[in-house]
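The primary structure of each chain is shown beneath.
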Amino acid sequence: MEAELLEIRQHMGRFTPFDRIPDDLLDAVVEQVEVSYFRAGSDIFELDQPIDHLGYVRSGAVELYSRSGNLYDRLGEGGIFGHFSLARGKRVRFSARAIEDSLIYFIPRAQFKALCEADSHFADFVELGRPRLEAAVEAQRKNNEMMVTRIRKLVTHPPLRIESTASVQEAARRITEAHASAALIVDRSSFDSRFTYIDPDGDPWRVLGIITDSDFRVRVVAKGLSPDTPVGEVTGDRFVSIQSDESVQEAILCMLRNGVHHLPVMHRRQPLGIVHLSSIIRYETKSSVYLVDSIYSRTDVAGLAALMPEVKSTVVRMIEDDADSRMIGSALSTIGRSITRRLLELAEQELGPPPVPYCFMVMGSMARDEQSLVSDQDNALVLSDDFNRTEHDAYFLALAQYVSDGLAACGYTYCKGDIMATNQRWRQPLAVWKGYFRSWIDRPTPEALLHSSVFFDLDSVYGDNRLVEALQDLIAEKAPKNELFLAAMARNALGRTPPLGFFRGFVMEKDGQQNNTINLKRRGLAPMTDLIRIHALACGSRAQNSFARLDDIGQSQLLGPGVEAKLRAAMEFLAISRCRHQVLDLEQGREPDNRVEPDNVPDAERHNLKDAFQVLSNAQKFLKFRYPLPERTA
Amino acid sequence: MRLRSRRTEDYEEWQRYVAERARTTRSPALKRFYDTALPAPDTAIAEVPLMSLDIETTGLNPQRDAIVSIGLVPFTSRRIHLARRRYWIIHPECALNSRSVTLHHITHADIEQAPHFSAILPELLDAMSGYLPVVHYRAIERSFLDRAVTDALGEPFAFPTIDTMAIEAQRYRSSLWARWRGRLGRSPVSIRLHDSRVRYHLPYYQAHHALVDALATAELLQAQIATHFRPDTPVRTFCT
Numbered sequence: 001m002e003a004e005l006l007e008i009r010q011h012m013g014r015f016t017p018f019d020r021i022p023d024d025l026l027d028a029v030v031e032q033v034e035v036s037y038f039r040a041g042s043d044i045f046e047l048d049q050p051i052d053h054l055g056y057v058r059s060g061a062v063e064l065y066s067r068s069g070n071l072y073d074r075l076g077e078g079g080i081f082g083h084f085s086l087a088r089g090k091r092v093r094f095s096a097r098a099i100e101d102s103l104i105y106f107i108p109r110a111q112f113k114a115l116c117e118a119d120s121h122f123a124d125f126v127e128l129g130r131p132r133l134e135a136a137v138e139a140q141r142k143n144n145e146m147m148v149t150r151i152r153k154l155v156t157h158p159p160l161r162i163e164s165t166a167s168v169q170e171a172a173r174r175i176t177e178a179h180a181s182a183a184l185i186v187d188r189s190s191f192d193s194r195f196t197y198i199d200p201d202g203d204p205w206r207v208l209g210i211i212t213d214s215d216f217r218v219r220v221v222a223k224g225l226s227p228d229t230p231v232g233e234v235t236g237d238r239f240v241s242i243q244s245d246e247s248v249q250e251a252i253l254c255m256l257r258n259g260v261h262h263l264p265v266m267h268r269r270q271p272l273g274i275v276h277l278s279s280i281i282r283y284e285t286k287s288s289v290y291l292v293d294s295i296y297s298r299t300d301v302a303g304l305a306a307l308m309p310e311v312k313s314t315v316v317r318m319i320e321d322d323a324d325s326r327m328i329g330s331a332l333s334t335i336g337r338s339i340t341r342r343l344l345e346l347a348e349q350e351l352g353p354p355p356v357p358y359c360f361m362v363m364g365s366m367a368r369d370e371q372s373l374v375s376d377q378d379n380a381l382v383l384s385d386d387f388n389r390t391e392h393d394a395y396f397l398a399l400a401q402y403v404s405d406g407l408a409a410c411g412y413t414y415c416k417g418d419i420m421a422t423n424q425r426w427r428q429p430l431a432v433w434k435g436y437f438r439s440w441i442d443r444p445t446p447e448a449l450l451h452s453s454v455f456f457d458l459d460s461v462y463g464d465n466r467l468v469e470a471l472q473d474l475i476a477e478k479a480p481k482n483e484l485f486l487a488a489m490a491r492n493a494l495g496r497t498p499p500l501g502f503f504r505g506f507v508m509e510k511d512g513q514q515n516n517t518i519n520l521k522r523r524g525l526a527p528m529t530d531l532i533r534i535h536a537l538a539c540g541s542r543a544q545n546s547f548a549r550l551d552d553i554g555q556s557q558l559l560g561p562g563v564e565a566k567l568r569a570a571m572e573f574l575a576i577s578r579c580r581h582q583v584l585d586l587e588q589g590r591e592p593d594n595r596v597e598p599d600n601v602p603d604a605e606r607h608n609l610k611d612a613f614q615v616l617s618n619a620q621k622f623l624k625f626r627y628p629l630p631e632r633t634a
Numbered sequence: 001m002r003l004r005s006r007r008t009e010d011y012e013e014w015q016r017y018v019a020e021r022a023r024t025t026r027s028p029a030l031k032r033f034y035d036t037a038l039p040a041p042d043t044a045i046a047e048v049p050l051m052s053l054d055i056e057t058t059g060l061n062p063q064r065d066a067i068v069s070i071g072l073v074p075f076t077s078r079r080i081h082l083a084r085r086r087y088w089i090i091h092p093e094c095a096l097n098s099r100s101v102t103l104h105h106i107t108h109a110d111i112e113q114a115p116h117f118s119a120i121l122p123e124l125l126d127a128m129s130g131y132l133p134v135v136h137y138r139a140i141e142r143s144f145l146d147r148a149v150t151d152a153l154g155e156p157f158a159f160p161t162i163d164t165m166a167i168e169a170q171r172y173r174s175s176l177w178a179r180w181r182g183r184l185g186r187s188p189v190s191i192r193l194h195d196s197r198v199r200y201h202l203p204y205y206q207a208h209h210a211l212v213d214a215l216a217t218a219e220l221l222q223a224q225i226a227t228h229f230r231p232d233t234p235v236r237t238f239c240t
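If you're matching them up, the sequences are chains A and B in order. Start counting the first sequence at 1; every next residue gets the next number (the numbering used here). Start counting the second sequence at 1; every next residue gets the next number (the numbering used here).
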């Protein structure tokens, strides 16, 4: 490639989606590039003009506007525009204007089409294939299926190999020197043998077996063999190994079945390493299953709080393993619920058995199984209707206090809105709770619901769960019929809106303002959760988890075709993105929070986040239209 | 305005020269070039087919040094048509010294297989025909091409150009502002290709490749037109 094209090619190759297309395709595109300079303030594409080229910002900045004249996007270096219009027709749908002196590369329609046809990543990105957010989430999900950890992941170094003719003493010396506890016994082989593998030097070898520390005791010393005995004579006749693509689970079973502690890991016939039972145990103890188990063995608050660093490393590992947000949210919620449950057990040990049945209820993210590393506590007590305040309340206050303080010690901060069982208002018998929900649903005002909408994600954690189920039944029964209630909830859900996207080191707002950070919870996840909740309430869903609610919403055909899938992808992306940024905070030694700094958002993620914001924004518009506030209260 | 009238005279002078050469030249390729060398003086600059031209040489003296590469990029004030670019490496008529090798990234091996200037001249003139040449610093391109054409055809080769450096000089060196700046003892602003581009927020390109420089010059002229002129400014205003 000629030098002047290299200049262009290298630039384009740095930016999404060109960073992922194969070299020869990129070369073909660069060959046909046209160039044009635009002064700040001049139009690049005018609305409805014929369009034959994709625009690429080489330098400067470009703004796009929708037909209604609203700012649609602001692009910096490497941004592309015109693809929606090129993909869907022959006329410009979003006008483009240079807002700084800009140099624009134009890619002709023919090259654009060729790219879309030859490269599915590119087609997805410009949404000629699937909507790109859904494509991104789908790609993530595929990674997920691989999440069963392969045993090869636990192999840290190649195995020590000792020729069968070496003496046992020599073998023992070399194993000691290598700080190992086992070695493979090999001998030279002919190329054609079935068991032959070729080493990096091109020599053929055959694995005869394995010798481990205990073999020296059992097979050598106990039998009184001489140190000069060839090691090949003392290796067992059975060679147990595992293929590298088997799961860790399978490796454990294999060790148990065969009664061995060392397991050679093979790629076909090539030995990759030896895995010891202890490294599998070390690996497994980082999993949430192990963590939950150890929660129940803790005997005091301090012991529970001491587990919290492990909670963090569990999340870090899940992110590294490409878990999706639902798996992470569920793992964290399970941990949170287990801690709450354990605290209640400990409280009952201290305070004695409860005087009347109760159910400890959680609201918000824990109820939805969507906890993140940053969580406060939202909880309440639903008491049996046999509850008698003067006789029983002291017990339940002490119980609530014990749990609430314990949760705070474990990093679940006190609820700022005082929605906790320690608050008498939220420590009531079932009949009172039913009254609360009836009044919220029957006589809703947006103001009244503003602070109580958190109660519409609710789940039992401990105790007599029928008490909470009764409330869930009541909601599912009453909510769908009450338009006013849904309208009031909808109005509250529109209070928080997403930004437009990113521009250079800033968050772009719809009015063109630029901010330094974005609170991904407040501006993305919370409004998304809110609107999913409303549709779920409208269709009588009893699900609490947003994705489970989307399943029910999808069944109900409340939304247009494809909308539920879009919402699902957007929800997933917002959630996983927040999680990744919290892990980044941890890795960089900061306290994790919900804020995202644009400089920490890689190119591809920016595009996906922008799409997620767009989906959210459109869904909010639909909400307003679907659940209008009736005239009389407006 | 003194300057405009001088430009108009320049243009009329070029029209006379070009017509004369078209009539008298013995070379068919030169005749084709001169036949289409100049548009009507009042043609809007936006309508004029332009050809950015850059040469790399072994040194600065046209009597002693020679051309090693030529880059052409056709464009208009609206679009640069990179796909129709042309580029030649040329076997220089003098020895290639090591300094110019490192400067152009053209090696002795490249040169070994390259054609002589006379072999590519008809192609070069054909490619330039119908376009108004655009250069940054016309003295170099004109003098080296004149020398090379004279050697090849026995005829001189002069041609009108738009010189982006002259436009910069006029804007930033001979303006009232520039003269005040001079009186205050400030050094004059640089009108070299890269420094000029920076003033228009054009990106940095690796220089010293004939095609990169031709592209860079085309972009600079687009920026100058967008900044200082209008699409309907007559071509004679630019031509020198």
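In short, the hints are calculated from the structure, not lab data. For clarity, every value in this text was computed on a predicted model and none was experimentally measured. A portion of the hints provided could be inaccurate.
What follows is a list of derived Cβ distance ranges for each label pair [unchecked claim]:
| id | chain 1 | residue 1 | chain 2 | residue 2 | range |
| --- | --- | --- | --- | --- | --- |
| 1 | A | Gly512 | B | Ala44 | 31 to 37 Å |
| 2 | A | Ala40 | B | His81 | 21 to 27 Å |
| 3 | B | Ala44 | A | Glu138 | 48 to 54 Å |
| 4 | A | Gly512 | B | Pro231 | 44 to 50 Å |
| 5 | A | Arg606 | B | Lys31 | 35 to 41 Å |
| 6 | A | Arg606 | B | Ile111 | 43 to 49 Å |
| 7 | B | Tyr204 | A | Arg174 | 38 to 44 Å |
| 8 | A | Arg606 | B | Tyr204 | 50 to 56 Å |
Positions of the beta carbon are idealized from the N, C-alpha and C atoms, including for glycine.
Hints, verified against the model:
1. Gly512/A to Ala44/B: 31 to 37 Å: Once the Cβ atoms are compared, 35 Å apart, the range 31 to 37 Å for alanine 44/B and glycine 512/A holds.
2. Ala40/A to His81/B: 21 to 27 Å: 25 Å, holds
3. Ala44/B to Glu138/A: 48 to 54 Å: 52 Å, holds
4. Gly512/A to Pro231/B: 44 to 50 Å: 29 Å, violated
5. Arg606/A to Lys31/B: 35 to 41 Å: About 57 Å separates the Cβ atoms of arginine 606/A and lysine 31/B, which means 35 to 41 Å is violated.
6. Arg606/A to Ile111/B: 43 to 49 Å: 47 Å, holds
7. Tyr204/B to Arg174/A: 38 to 44 Å: 58 Å, violated
8. Arg606/A to Tyr204/B: 50 to 56 Å: 24 Å, violated
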